[in-house]
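Novice: Residues per chain, in single letters:
Number of protein chains: 2
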Amino acid sequence: MEKYVYFFGNGRADGHGTMKDVLGGKGSGLAEMTNAGLPVPPGFTIATSACLAYFDNGNRLPEAITSQTDESLQRLEELLGQKLGDAQTPLLVSVRSGAKFSMPGMMDTILNLGMNDKVVEVIAQKTGNARFAYDSYRRFIQMFGNVVLEISKDHFEHILDVQKKKRRTKLDTDLTADDFKQVIMGYKHLIRKATGKDFPQDPRIQLKMSIEAVFRSWNNPRAITYRRMNKIPDNLGTAVNVQTMVFGNMGETSGTGVGFTRNPATGEKQFYGEFLMNAQGEDVVAGIRTPVPITELDKIMPDVFKQLREITSRLEHHYKDVQDFEFTIQEGKLYMLQTRTGKRTGKAAVTIAVDLVGEGIITREEALMRVEPEQLNQLLHPILDESKPLKFIAKGLPASPGAAVGKVVFTAEDAVEKGKGDPVILVRAETVPDDIHGMEVAAGILTSRGGMTSHAAVVTRGMGKCCVAGCSEADVDAKRKILRIGANVIKEGDWISLDGSTGRVILGKANTLLPDPSSGDFATFMKWADDVRELGVRANADIPRDALVARKFGAAGIGLCRTEHMFFAEERLPHVQRMIMACKDTTDAKEAARYQKERRAALAKLLPMQRKDFFGLFKAMDGLPVTIRTLDPPLHEFLPKREELMVQIATLEAKGTRSSKLPQLKKMLTVVEGLHEFNPMLGLRGCRLGIMYPEITEMQARAIFEAAAQCKQKGIEAKPEVMIPLVGDVKELALQKEIVNRVAREVFEKKGVKVDYLVGTMIELPAAALSAAEIAQEAEFFSFGTNDLTQTTFGLSRDDCGKIINSYVKQKIWAADPFAVLDPKRVGRLVKLGTSEGRKTRSNLKVGICGEHGGDPSSIAVCAEAGLNYVSCSPYRVPIARLAAAQAALNQAKESTPQEAYTTA
Amino acid sequence: MEKYVYFFGNGRADGHGTMKDVLGGKGSGLAEMTNAGLPVPPGFTIATSACLAYFDNGNRLPEAITSQTDESLQRLEELLGQKLGDAQTPLLVSVRSGAKFSMPGMMDTILNLGMNDKVVEVIAQKTGNARFAYDSYRRFIQMFGNVVLEISKDHFEHILDVQKKKRRTKLDTDLTADDFKQVIMGYKHLIRKATGKDFPQDPRIQLKMSIEAVFRSWNNPRAITYRRMNKIPDNLGTAVNVQTMVFGNMGETSGTGVGFTRNPATGEKQFYGEFLMNAQGEDVVAGIRTPVPITELDKIMPDVFKQLREITSRLEHHYKDVQDFEFTIQEGKLYMLQTRTGKRTGKAAVTIAVDLVGEGIITREEALMRVEPEQLNQLLHPILDESKPLKFIAKGLPASPGAAVGKVVFTAEDAVEKGKGDPVILVRAETVPDDIHGMEVAAGILTSRGGMTSHAAVVTRGMGKCCVAGCSEADVDAKRKILRIGANVIKEGDWISLDGSTGRVILGKANTLLPDPSSGDFATFMKWADDVRELGVRANADIPRDALVARKFGAAGIGLCRTEHMFFAEERLPHVQRMIMACKDTTDAKEAARYQKERRAALAKLLPMQRKDFFGLFKAMDGLPVTIRTLDPPLHEFLPKREELMVQIATLEAKGTRSSKLPQLKKMLTVVEGLHEFNPMLGLRGCRLGIMYPEITEMQARAIFEAAAQCKQKGIEAKPEVMIPLVGDVKELALQKEIVNRVAREVFEKKGVKVDYLVGTMIELPAAALSAAEIAQEAEFFSFGTNDLTQTTFGLSRDDCGKIINSYVKQKIWAADPFAVLDPKRVGRLVKLGTSEGRKTRSNLKVGICGEHGGDPSSIAVCAEAGLNYVSCSPYRVPIARLAAAQAALNQAKESTPQEAYTTA
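Here the protein sequences come in this chain order: A and B. Those letters in the first sequence? Residues 1 to 905, per the numbering used here, in order. Those letters in the second sequence? Residues 1 to 905, per the numbering used here, in order.
Hints listed in this document are in silico derivations from the structure and should not be mistaken for laboratory results. On a predicted model such as this, the values are computed, not experimentally measured, just so you know. Don't take each hint at face value.
[Claimed, not checked] Here are a few chain B residues that face chain A, going by a calculated C-beta distance under 8 angstroms: (1) G85; (2) D86; (3) T195; (4) M646; (5) V647; (6) A650; (7) G683; (8) R688; (9) K731; (10) P766; (11) T792; (12) S807.
[To be verified] Here are the simulated lysine-lysine pairs, BS3-like style, with alpha carbons at most 27 angstroms apart: (13) B:K333 / A:K825; (14) A:K231 / B:K193; (15) B:K803 / A:K731; (16) A:K584 / B:K812; (17) B:K667 / B:K395; (18) B:K641 / A:K803; (19) B:K306 / A:K812; (20) A:K666 / B:K666; (21) A:K479 / B:K584; (22) B:K597 / A:K803; (23) A:K395 / A:K803; (24) B:K667 / A:K481; (25) B:K619 / B:K641; (26) B:K188 / B:K153; (27) B:K619 / B:K812; (28) B:K165 / B:K208; (29) B:K181 / A:K584; (30) B:K343 / B:K320; (31) B:K667 / A:K641; (32) B:K479 / A:K584.
[What the hints assert, rightly or not] Example chain A residues on the side facing chain B (calculated, C-beta under 8 angstroms, incomplete): (33) A654; (34) T793; (35) R826.
Note that CB positions come from ideal geometry on N, CA and C, so glycine has one too.
Chain A on its own, in the form it takes in the complex (with noise of 0.2 angstroms):
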């Protein structure tokens, strides 16, 4: 028969710490410390495979279960020579859920089971406590009403408060016996009425229905929120722990407490912690009595202070890592009520990891897999100090990580203007390229559309700016300048604050904290990382400030130079729409020809500008590779709005005055009209565009090769990969190569200095991928764009998804929104199968990425696992995708070699 329930007590457990599976976290941890003789109080752990046997089952408990429940249950009452419900020796339990990652305070737990109407009358007896006997059986009524017979907590708490106003009183201590004796008849009425049956005296009724209750809870609303939000799955259920009781809230000798062995926050070497003496556990959660920090317990209890350093020490050894631990003082005896690793910062975690590492108790390797590469998030971008109470009115989606602090404004213009004194917070519906001199100097950006990436998203994170998108509970009115959340009504100039790694809005002026990223401990860790990781981690940048940036945070090249967002700058769009007024179809040869010596003339003017461009990336990498992408979006883009020029001329139309702009507007319209696309996405747009209209390849080849040649001659070291983008046929990519190539060739003659370079693709469509052995006989490299990948492989596009994402990942269609993490089933295969096929036909050839999930840390371990040369991702996100990086290559290692059997400290 399955084993389901696993004993622990007298030294001897049956399961151990490895079997966090099968016992949850909390029973893995108390099976370990039995085994390693620590004063932990016996008990036995109903399995995770318990649970969901009781939902296959109907939501109740198999009988193997209850009989294997009842056998431990008998042989703990063995052990201590006490019975549930027993009238000379009553045995008290408590039961705790306890699932394979923790999930603090999300579920339910039940304490002082066993009490009831006659076991409470001897506990007064045998410990002459009676105060101590009914607050216990009072507490676990209320535990169990609201836990079991699922009453709120509030009409348990009006009850208690009645009968402290009576007593005149604010505080449970200054209760009696007698008190809790007219509170628990309250209770118990409560119970009747609310449920239509008395409170089960039976103890081993109570313990089938907690048991029962507890497994339910894994299931309760803010339980699956919270694995939401952890990307923890819905399907390994909760273990129970079964365990005795001890009591905290004996008397002066009696006390409870939970503890950090290092410092969470800071990472610091310092016992941490806070107790109280005479309460039971939830005591000190509660915060009606403030509790003391752990210190002081050596000043009350030395002995116990000492033995409590000495087992937690041991445990952090035994673990090593940090513990978080529960303990509970009765009587002056100490029992260790649970351990686990401690939660910490991300400052915490780097610096804990270089000292375990530093104290010989783990080695490098082991340090950089304690880091969630998210973490270094928060060492590099400022935070939201949380020291001081801060207003949250809304919550959008943590779109570009860290906080920003400033007055409202809802154009573009505006934050130029007005950001030239306070800091500024752009608050758009969403944004669009138009707008990137108002983000450029905005301190922040708040949308109200729009995913994680969205423009905004992207181009903040990019910026290493913090941005919260696709809030949607607020209501942008951005032509009175009025932003409206729930009640709040905010108007231009008034301040908000914004947490862009959580996605809270703040009404107010919050306080902001700037860690230190170069600080002695961060260097070292990740110079660690750097020293294992095989994939190689560029950046994202289209400008030299974010290139040096990148270079700053270890960047080791360029990935994805954007050069479409070097054209929208104010110089340069009237050029570039001179140039698309020219990309005309005629079938006139001649007329196609005055087309096109328009088209060049237009490109003629941007290409100093974009040589200069180039010269200062090239500059700001020297020595370093730099792909450079050729334009790729459609060109409307460049040209004011549709429907905004159709507006304007029905409107001038309707008042039928006469207006010089008339004529000029429908020109423009006509344009606009002819470019006008469906689904721009999949339109005249990446490497289509080169192919239509060559002479702007032609333009952004010599740009490119015309700076590296100035380069040369000013001793600085260019790299350019030129990178052909939307390519589906391998046809595509010749075409474009020959040009880059015959371009090359000429200003090479012409500059009489030849500079190394490659030309590759963009891989991002299935065709690409499906088509990728044929394409690598062109391509020198490969750049999987997973956005538009995804984009077309899900069939999906990313500036419309967001309600469907949203709606996706609720029901648990998705396990995450596709654009944030790269799917591994279908774009991942993609990949992997692009990179196989690709490698077939030129066995050197270069792969990367450099869509969004280039900095993404589980998207990161697929690009691993393709074998992939190297992600690129935004500047900021550089440190996490080198630490990903690095645990990607652990983590293979591990695969590939076998692991070591557990050993017990």
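Take the given structure of chain A and dock chain B to it, following the hints.
Specialist: Positioned in the frame of chain A, the structure of chain B alone reads:
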């Protein structure tokens, strides 16, 4: 050494009839006829490989080819006792192109080569016919000048005309030897002036230059265009045939002609052709003298006629197909110059194939391979009567076959209004779903934008209605109701005619002919096709009328019923819009419930209408499966256009007039804005609708099952197959299937009947194909939606792609429009992968295709190869698909059994 040159003559040839690849069609025919002992003037064929070697060698003949040519020439001279350029017995030859696939008139021919100033005199003397000699010489110079030296024909014709004018005649035959001498002087002068060199007198130089010119003609623009139109690969090259001249212009016992062994227009078994006495081949086609029907030859030269009939009849038996032959009679002796398979109309193809089977010449299987599936189109649609002169004014895409004649209208409303009288042609820049009612009444549709799968194209093909789409020369001014094509200004009410099979637009009222698709031969032929094919053929049909057509054409069911087309009807749209107005997001549970209630109320109004739709379809398809796709398009398609609303509002506001419409318009705009998407193709559509608003799926399922139950009660056998669109993840399908199954249970329980049904999914996203193994856990059938699959695989919107596709096909990036011909490399790969992985999960998975490709023969071959169960296409393409499926089965069988060795007759 590689053999480049193949000799034929004296009853023996180096090559034979199966060597089309090497010798081209003409060369292999000459070899075969020679081997069969037919009277063929001897000569040699320079293989297609020589043409490719010529190009590879930088357009110069490699030494190996020159030397092999010299050898064969010597052999020819020895055989005939004549010598090229000899002053006693000069040899004259023709130099003709001949590719693997016939490209009539596309490449070049030179006759009478070997003539020079001396030879012409020898010939004049030997034949005693100076006029013949000088006529032959001037013809040679003219052809050489035009083909080899690239001087325009007009210049030569002008010189000839001048001479004719001098002689006051219009006929060549009135010119004398002296006249031709004058002409020859003029020609030589022209050549010297144009090229700076004299006309070459050395016949060996003439030959070398001519061979090279013929090779070059493979790449002349008209040959390239022809190949593109006929999907002939560009890398085959042409062979060159050098053959002893025979002369049909040696007097009244000489002549030349062309013919067919059967009537190529009707297929009747009737000796068919025409000839001219005292003429060379070019005169027959030039149209200066009117050729005589071939049967007249019986009267003039009965023996020759008898011999010709015998020979051609032997050829037909030998080649087992209708022969298109050329012959020359030189002084009473018959020579065969060419034989090849005769081109024929669709009607003739079927009749000939059936007759040849009847005559025991070919098997049914061979007969099936003899008809191009596309040719059947001609038997199914009205065709243009081309016997009358027609004024072609433009050419668009042949979007939907058939001919149509009508008066021009510019709006759907006008079509309905004016269509009550004379037939109308609806002319639009592009059609939208709103135009459906106008399209239904129009005789044909002409659009200036959009490709082969634009809205107009898809809808008209479904209706079996003529459509010319993407006619970019047409400038449609719907406001002024004017259509401009070049200099033609066509106003509302003017007559035009369309040929949807070729894309031609004709000014005025053409005649059309109605073929009879139920003719005996056609029925016989299609029966044979059905006997051998393994692929089922279904039709895409949304309404009973189309379903009945499909059934008549042999469809085995409906493979795609698009339910959204039903939503556009006038009496339904208000309910659809009311439903959409309630598709709002809110986090307030109460509000959400209110919106859902509102949606349900609107859907309840649609339920009886949908039920009636489905009942009609089930009834029409009684006993056959009907695949119904749940709602697919983005919701905003059912609402007014965003920009139109904006313009209306701006106009009203600018005018300042108080309009009660304004608030209403603004409310609508808010809804439309809420639904606005940048890329609707990648937005909230397909199963995403049913997942966000499950009550839509619920209503549709209810309508389907209630209709099916109703059928059962009336003795009609309904076989519904519910198809969920745009699935990318198995969980989407699982959620929608749950709804469908639940509603089915409810309906069956209530009605007390049970109907078998299937639930399956479209595979139209790369994500779906890539996770087909998982999806097949839920799907009982797959239907590849290759329109969307092509869009997403290539990242190419079919609504916007016209320009790009044209340019890509022109630049040879793609072999064909991937929306017309299924791309085998990428999209086809996904089809194969999805099918095989789906069947690994569910071995009996039914797999079909319902994209537009389902009616395209080469795409059907890909489907057959992938092992699909059926294809589904427009009703009017069902016979084409049936034949294509038969051919695919025959080709597959051929590939899997060793091919028989060729045996000569």
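Novice: The structure should be examined with respect to each hint, and the outcome stated for every one.
Specialist: Results of checking the hints against the structure:
1. G85: With Cβ-Cβ at 43 angstroms, over 8 angstroms, it is violated.
2. D86: Status violated, d = 48 angstroms.
3. T195: This hint is violated: B:T195 lies away from chain A, its Cβ roughly 25 angstroms from the closest one there, beyond 8 angstroms.
4. M646: holds (5 angstroms)
5. V647: holds (4 angstroms)
6. A650: holds (4 angstroms)
7. G683: holds (4 angstroms)
8. R688: holds (5 angstroms)
9. K731: At about 4 angstroms, which falls below the 8 angstroms cut-off, the nearest Cβ of chain A leaves the hint on B:K731 intact, so it holds.
10. P766: holds (4 angstroms)
11. T792: holds (5 angstroms)
12. S807: OK, holds: B:S807 within 8 angstroms of chain A, min 6 angstroms.
13. B:K333 / A:K825: violated (75 angstroms)
14. A:K231 / B:K193: violated (84 angstroms)
15. B:K803 / A:K731: holds (18 angstroms)
16. A:K584 / B:K812: Holds. A:K584 to B:K812 sits at ~21 angstroms (cutoff 27 angstroms).
17. B:K667 / B:K395: violated (44 angstroms)
18. B:K641 / A:K803: holds (22 angstroms)
19. B:K306 / A:K812: violated (83 angstroms)
20. A:K666 / B:K666: OK: A:K666 and B:K666 at ~25 angstroms, within 27 angstroms.
21. A:K479 / B:K584: Given pair A:K479, B:K584 holds - Cα atoms ~23 angstroms apart, limit 27 angstroms.
22. B:K597 / A:K803: Roughly 21 angstroms between the alpha carbons, so the hint for B:K597 and A:K803 holds.
23. A:K395 / A:K803: Judged against 27 angstroms, a Cα distance of about 15 angstroms means the pair holds.
24. B:K667 / A:K481: Given that 27 angstroms is the threshold and the Cα spacing comes to 21 angstroms, the pair holds.
25. B:K619 / B:K641: violated (36 angstroms)
26. B:K188 / B:K153: Roughly 14 angstroms between the alpha carbons, so the hint for B:K188 and B:K153 holds.
27. B:K619 / B:K812: Given that 27 angstroms is the threshold and the Cα spacing comes to 48 angstroms, the pair is violated.
28. B:K165 / B:K208: With Cα atoms ~36 angstroms apart, B:K165 and B:K208 exceed 27 angstroms; violated.
29. B:K181 / A:K584: Distance of about 53 angstroms is beyond 27 angstroms: violated.
30. B:K343 / B:K320: Given that 27 angstroms is the threshold and the Cα spacing comes to 14 angstroms, the pair holds.
31. B:K667 / A:K641: holds (22 angstroms)
32. B:K479 / A:K584: Between B:K479 and A:K584 the Cα gap is close to 23 angstroms, so the pair holds against 27 angstroms.
33. A654: It holds, given that the least Cβ distance between A:A654 and chain B is near 4 angstroms, below 8 angstroms.
34. T793: holds (5 angstroms)
35. R826: Holds, about 4 angstroms.
In this structure, the earlier hints numbered 1, 2, 3, 13, 14, 17, 19, 25, 27, 28, 29 are contradicted, and the remaining ones agree with it.
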